[in-house]
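*Asks:* These protein sequence lines are chains V and X, in that order. Heads up: take any position in the first sequence, counting from 1, add 17, and you land on our numbering. Heads up: take any position in the second sequence, counting from 1, add 17, and you land on our numbering.
FYI, nobody ran anything at the bench for these hints, they're computed from the structure. Worth double-checking, as some hints may not be accurate.
For chains that are exact copies, the list does not tell them apart, and a pair is met inside one copy or across any two.
Distance condition first, Cα-Cα at most 30 Å in a straight line; then the derived BS3-like pairs of lysine-lysine [what the hints assert, rightly or not]:
1) 307 / 442
2) 442 / 482
3) 328 / 154
4) 442 / 399
Number of protein chains: 2
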Amino acid sequence: MLLFAAAIQTSGQDSKETEISKGKVKLKFALDEQGRAGYSLYFDGKTVIKHSLLGINLAGDSAFNRQLSILATTKTTFDEQWKPVWGEVSNIRNNYEQLTVRLKQQHSPGRLINIVFRVFNDGAGFRYEFPKQAGLKYFTVSEELTEFRLTGDHTAFWIPADYDSNEYKYTTGPLSKVDAFEVSKIATDIAVRVVPDQQGVQTPLMLKSAEGLYINIHEAALTGYPAMQLHVDKNDFSLSARLVPDALGNKAYLYAPFNTPWRTILVSDKAADLLNSKTILNLNEPSVIKETSWIKPMKFAGVWWEYQTGKSTWSFADRADTTDQQGGLIPNGRHGASTANVKKYIDFAAASGLQGVLVEGWNYGWEDWFGNWKENVFDFTKPYPDFNVREIADYAAGKGVKMIMHNETSGSATDYERQLDTAYKFMNTYGYPSVKTGYVGKIVPRGEHHDGQWMISHYERVLQKAAAHQVTVDAHEAVRPTGLHRTYPNFIASEAGRGNEYNAFSDGNPPEHETILPFTRLMGGPMDYTPGIFRIKGYSTVAGRQVHTTMAKQLALYVTLYSPLQMAADLPENYAAHPDAFQFIKDVAVDWDDTKVIAAEPGDYITIARKAKGRHVWFVGAITDEHKRTATVALNFLDKGRKYVLDLYRDADDADWQSNPEAYVIGHYLVDVATVLKIKLAAGGGSAMTIREALQQDLTTLKKYK
Amino acid sequence: MLLFAAAIQTSGQDSKETEISKGKVKLKFALDEQGRAGYSLYFDGKTVIKHSLLGINLAGDSAFNRQLSILATTKTTFDEQWKPVWGEVSNIRNNYEQLTVRLKQQHSPGRLINIVFRVFNDGAGFRYEFPKQAGLKYFTVSEELTEFRLTGDHTAFWIPADYDSNEYKYTTGPLSKVDAFEVSKIATDIAVRVVPDQQGVQTPLMLKSAEGLYINIHEAALTGYPAMQLHVDKNDFSLSARLVPDALGNKAYLYAPFNTPWRTILVSDKAADLLNSKTILNLNEPSVIKETSWIKPMKFAGVWWEYQTGKSTWSFADRADTTDQQGGLIPNGRHGASTANVKKYIDFAAASGLQGVLVEGWNYGWEDWFGNWKENVFDFTKPYPDFNVREIADYAAGKGVKMIMHNETSGSATDYERQLDTAYKFMNTYGYPSVKTGYVGKIVPRGEHHDGQWMISHYERVLQKAAAHQVTVDAHEAVRPTGLHRTYPNFIASEAGRGNEYNAFSDGNPPEHETILPFTRLMGGPMDYTPGIFRIKGYSTVAGRQVHTTMAKQLALYVTLYSPLQMAADLPENYAAHPDAFQFIKDVAVDWDDTKVIAAEPGDYITIARKAKGRHVWFVGAITDEHKRTATVALNFLDKGRKYVLDLYRDADDADWQSNPEAYVIGHYLVDVATVLKIKLAAGGGSAMTIREALQQDLTTLKKYK
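Same shape as in the complex, but just chain V (with noise of 0.2 Å):
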């Protein structure tokens, strides 16, 4: 639905110099005397980007970003309400100014780029546009030249640039002491990692100023072109664009007409508003897939933290070259995906209201899968022998269940792509909605990365290929999101960061990362980060491992880790032995009509509220780092007039990530839209609740929150 759009002004070539503005975001385009594009941009008066260099360098033009002339500026306003298939909100606002700037290299063979910004009221993106021009036809990005001088030594909240991998955990502190190879070189749970620049940091880039200016620095549309990346001046606090090479070093292979990915900077004086921007998914292009009733935010349960804590395995041996006399693998006995274990999760879900099951471990390869970097790994249509397809469909179809398919490739896309017709085609025999990709390890082909331009056109391959077998993805160990869910509605969540399963077989993620996560990997688009963790304890063999958590913070965990896809990640029987708190679980939703971000720090806490699509029902969620302290959550986006009751999941006075992490309380209340909770988080803890609207009985049974 268009509201209101171009309100074009086109001014001819002597105005080097150009702004526009929205709200408090200003930005400023100039061009140098050396004929160089640059920017600045400006927020409530404070400057957040000094003027910064812009430009694409190409193989064979090393100067394509100098000596150019502006052929002409247009500005245009912009405005219209879309509603995502799946989202945080039903309804989101498309309201930005544009800059055009069309430029052309002054000397021979006057190559034309252009120079698009949009600002919006919290931040401003900006992409390069070659346009269809006789000069230019495929042509070979050598560098991006795009700065972002900041004004002083932020504070950032980084992980290395790492053209394989983004699951570290996040590095606070200044700009001035990043060291990304110091953080690479300890990092020895991340299986397959390529840092190339002491100074590099990836994006989304989470900052704040000392004067208190929230920045955070992505991209959004990520197609056709490799990541970007940051390398940071700590002299000047200039960052500037690194992207990902591919075997032979070139960044990009492209064909006029071309748009890069946009560049977005997101401010604010107020954390909270970063986490409500839709910027970065405005910035894609409306959904290429017309009929998407098919695709369905689900929960579900799966075949796999067994695996992550030792109990069984995924593979049906131990050994790949050992066989009996008939040429069959010899089995382990531990076998995760046996049938009758399948069949298990299958009730478990039916039981739970868990629309989906993933199961992991059910095809042939797991002996031999990982760390050798094989053209040809897995075969995504041959189940192991113990791991009845047909039996299993059909016990899940009984019980209303959806099967959800992997599909590990070891990272080699090559392969993958040679069986994505067969793969997806298996999916659609065995009523399978939707598949779990998997790129644990060295790209194939070989020299390629998981975040180079190969890969990123791999991915959106696969999203394709998924789409016209009406099946949802979920991709892990891919390039960090950026927004593309809005173009493909059914790329339904991703990894690309350092989920919940590093607490099972690394030392795990510190009590802050759950809040970092939000302002740095959310920025481009759902997680799945499989919380729901009740066993905080002794699962491991694993002397002290632990996840870094109370039980109740794993509940608020799917509230304010936003996702259509949510977990419920541990055993069966973890979750038998509460029933109470797993009550959470089996109530939250996956799909918003609206999200309050209520409380919202980076690196200390997050409290949001999510009312459930087209119901009257809100959720919270709200979490700390390692510090305990109080949330206070003011009910005011209640309806006023209405009676609620509030479910209450909370840490126990006692309880601690540390010494005490399964200590909770629940409670039920009335409350209304006057109401102010204030609870107790304890360290390393959160809170979980449910707020419906209260039943006859509830007004007398039920106690006013106080």
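Add chain X to chain V, keeping to what the hints say.
*Replies:* Leaving out everything else, chain X in the frame of chain V:
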């Protein structure tokens, strides 16, 4: 049928030297004082290969070729006969002496490597085998150290070692004069060429020693490993293996157990013996395709030469990026693959007894297909609007003609692999039994080469997928063959060399070219050379351009250049102008019971007689280089007591490839086993013969040859 095998002798660790021999060929193995393996080869008492080192080094083990000790040596004898699905003969004997040397690294981790030698009557082959072992599972080959130390500055028939092309003219000259850069520099008619080594040459490398030995060095059974090229040491005439690298400079990613391809050395004092050799074929594995009745040799016409000569275009439109109002391409009016034009070719094939019709330029993508290193180029299931695939399929079926599919990839192997399933299903749907593949362009995955390990495996994947769809493959611009058609008899032909097409779009092939090809390119397998051009001059708008041949020689090539897939390459109207000469193309067989190499000297002349499979009909081809000469053909291969008719197609007495190429004479004579033909070959000329059983009337109407 295994006649005799496995007379096993095993010796212990002590003997550091051992030898095997068969007929005139002797091979010695020796381990030197540094524990390095080596071998030498002798023919009839003459040294062919002086003591030459062997070995393979690995990434992380750059001394794997040294400090080896012998665990055991084993000698076996093998003798079998087998019947190829198609071939130059209908029965092949595979008879060799084998020496297996089991070697172990003396230092930790004590890795194992075997070297297996096989000695045949006409040469030897050897390969490296990595047995299954604890100390070596996945590994990367950094260098293969195989040497071939020659005894002198032999005359070589060579083309430059090139990672991506083998479409060079041959240079004849001493090894000491090899200059690959010089040749490559002027080979501007080859689109993609990457020549890394000034002293590098390709195999099959044909050599002739001063003492009259003919030596051919190549490889057999190239799968899962890069192609081998050779570096020439001009000082001591030693050749050393150079493997084609991947994008990262690695040579091969392997998994034990693995056997490398065989390195082959054929040797004789008669050049003809090399053309008769079946050693390369014998070193390949037996067919993996069990039911082969669908694999059929054939002659075919095609919408092809009219593209090469500029009469029509592959593309439907002139521009890819200009469309009409409905978004359709704008036809250029010169598109060759129109339904109407294709029907003309089908009519022509049906009338001429040609089994197939190839159509290039039938599918979307040709407007912009070459030279831009694109990931996505062609759609292999999307015909141009003027190519009615159903109508054409039905029309061809009605005439008993098979359509031959064309899949040009432009080098984007990843894109082809994504489409293989659908492309071959499409062929099955429309009844295409055969596909011509093409790889004109730089390879995608970018950084890979036509002859590197990834592409070698790609070509094999294509053969496997094609076999699963009962499709035969004629690969163009792929790696040169190594006898793999024994294992995959659906690999019915290949280009992999400089074909007749170069006469259309470049300065062409010199008259000697086809006298060298059987000693080089064809050692590994049949070539789709596309002979049969009747209009020798005047087909091109380029002044002076012509085929470097007489018309009679074009006929002879159907016999001298073996292929089970032979094209009648010229335009139907050019054949219509010479129905008497065209009769030979209609008659000539493409599958054989027997082959007699009557005379052969690389670079000078070749005369071959072949008996059509299952019939008492012989065909003879005789060709010469730029010198005129007389071919003497004793018909002693005919059945005694039987009367035959000879249809003789020869150069007219005043024929000459330059001044009078289309002058030919046809005569019909009675011949028998005692007949000795003396046929004048013009400069650049040749002669073709059909020798069939005489009918009663022939005995009265025809005269005896004299």
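*Asks:* Next step is simple, just say for each hint if it's right about the structure.
*Replies:* Results for each hint:
1. With identical chains, the CA atoms of residue 307 and residue 442 are at most 30 Å apart both within one copy (21 Å) and between copies (28 Å).
2. For a Cα distance limit of 30 Å, the shortest separation of residue 442 from residue 482 qualifies both inside one copy, at 10 Å, and across copies, at 18 Å.
3. Proximity of residue 328 and residue 154 under a CA criterion of 30 Å is satisfied inter-copy only: 28 Å between copies versus 56 Å inside one chain copy.
4. Taking the shortest Cα distances, residue 442 and residue 399 sit within 30 Å of each other both inside one copy (13 Å) and across copies (21 Å).
When each numbered hint is compared with the structure, no violation occurs for any of them.
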